[in-house]
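Enquirer: Work the whole structure out from these sequences, hints included.
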Amino acid sequence: MRPIPIALLLSTLITLAGCATALAPPAPLEAPETQYDAIIVDADKGTSLSIAALADALTEADVIVVGEYHGHHGAHLLQSRLQAELHRQNPALALTMEQFDLDHQRELDRYLAGETGEAELIEDANAWDNYRASYRPLIELAKARAIPVIAANAPSQVVRCVGRQGPDYLDTLPADVRAQLPANPFTDTPGYREKFVTALTGGHGIGEEGMNERMQNTYKAQLLRDNTMAVEILRARERYPGHQLLHLTGTFHSEERLGTVALLEQRAPELAVVVLTPIFWPQGQSQPNLEDQRSKGDFLYFLQPLPKEYRDAERGRAAMTARFSRPDLPGCH
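If you read the sequence shown in the numbering used here, its first letter stands for residue 156, the second for the next number, and so on.
Incorrect hints may have been included.
Stated by the list, open to error - Calculated cross-link-like contacts (lysine to aspartate or glutamate; reagent style EDC-like; alpha-carbon spacing at most 16 Å):
#	residue 1	residue 2
1	K350	E411
2	K200	E420
3	K298	D323
4	K200	E446
5	K200	D447
6	K298	E270
7	K298	D264
What the hints contain is simulated information worked out from the structure, not anything from laboratory work.
Note that the structure is a prediction, hence the values are computed from the model and not measured.
Expert: Structure, rendered in structure tokens:
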């Protein structure tokens with residue numbers, strides 16, 4: 156038997172070692188230690204990434220959609236760090252936000268131009284209650300680096316009135332207001348209605364035929380938000396050609412590529428859209444079950460669960476009723 160040449164033996168061993176490495180399972184994930192921590196995971200590979208590595212992986216994306224749990228510290232810190240990293244890698248970046256309504260674009264632009272103060276922005280643009288804690292860093296970086304910011308949501312008053320009166324409410328709007336909204340504001344996509352109804356009924360599926368008029372109108376209001384955000388993202392692409400877009404939205408509008416993402420891809424299938432989805436780390440488990448989560452986004456980021464708001468069910472229902480009744484809000488004409 157002829158001896159195997161040393162070079163061939165070494166080459167074979169290196170090849171085998173490489174195969175073993177490729178087949179090795181990803182390292183265990185570490186649970187987020189604090190409410191500010193987010194563990195970023197490549198959904199396909201199951202491997203964790205740093206913010207810098209995530210930004211590198213997003214280089215070819217046209218639109219990056221980051222879903223959030225509204226008011227979660229970890230989600231907002233991740234968004235701010237990602238915005239900074241993306242801009243470092245490519246200054247041609249624009250930010251589109253669910254958190255500002257399109258009818259307040261002028262007030263947002265005035266603040267970014269240094270013409271108004273923060274309190275004026277919050278009052279004039281009807282900023283969300285958690286603006287200072289959650290979105291201030293994003294807006295301030297945009298202001299400092301001249302990053303365009305697009306108010307992408309449908310006007311809250313219009314959404315509210317569609318929810319109360321139905322889609323025909325849009326026919327009562329002044330022509331200039333109606334022109335700001337999508338031509339087809341209630342376009343739907345498969346699977347979204349079922350998901351919406353399941354969320355609204357607490358998992359007790361009632362089917363489309365079981366939706367009463369109020370629930371139908373509530374769903375139309377949801378579609379108005381999603382269609383408006385999809386259209387505003389496309390308008391931003393036209394207004395800022397060559398820019399990568401970072402879109403921030405509640406996770407229901409983007410996870411599983413439904414909602415805004417599905418409507419965006421329906422309107423512009425040529426776009427490379429990447430979705431980041433937040434997931435609560437499962438309590439009492441050392442590792443999350445990635446097989447159950449992979450469909451929710453291209454990248455996942457795990458967060459500590461938020462504290463339970465109410466343990467007294469009756470107080471919780473009363474608070475929810477008060478939150479949505481809001482007698483101080485203007486009525487619908």
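Enquirer: For each hint, tell me whether it holds in the structure or not.
Expert: To see whether the hints hold, each was checked on the structure:
Pair hint K350 plus E411 holds up; C-alpha atoms about 10 Å apart against a cutoff of 16 Å. The straight-line distance between the Cα atoms of K200 and E420 is roughly 24 Å, outside the 16 Å bound, and the hint therefore fails. Using a Cα cut-off of 16 Å, the hinted pair K298 and D323 is violated, with the two alpha carbons roughly 39 Å apart. Restraint check for K200 and E446: satisfied, since their Cα atoms lie roughly 11 Å apart, inside the 16 Å limit.
For the proposed pair K200 and D447, the alpha carbon gap of about 14 Å is at most 16 Å, so the pair holds. Restraint check for K298 and E270: satisfied, since their Cα atoms lie roughly 12 Å apart, inside the 16 Å limit. Taking the CA atoms of K298 and D264, the gap is near 10 Å; set against the 16 Å cutoff, the hint holds.
Hints 2 and 3, counting from the list given before, are not met by this structure.
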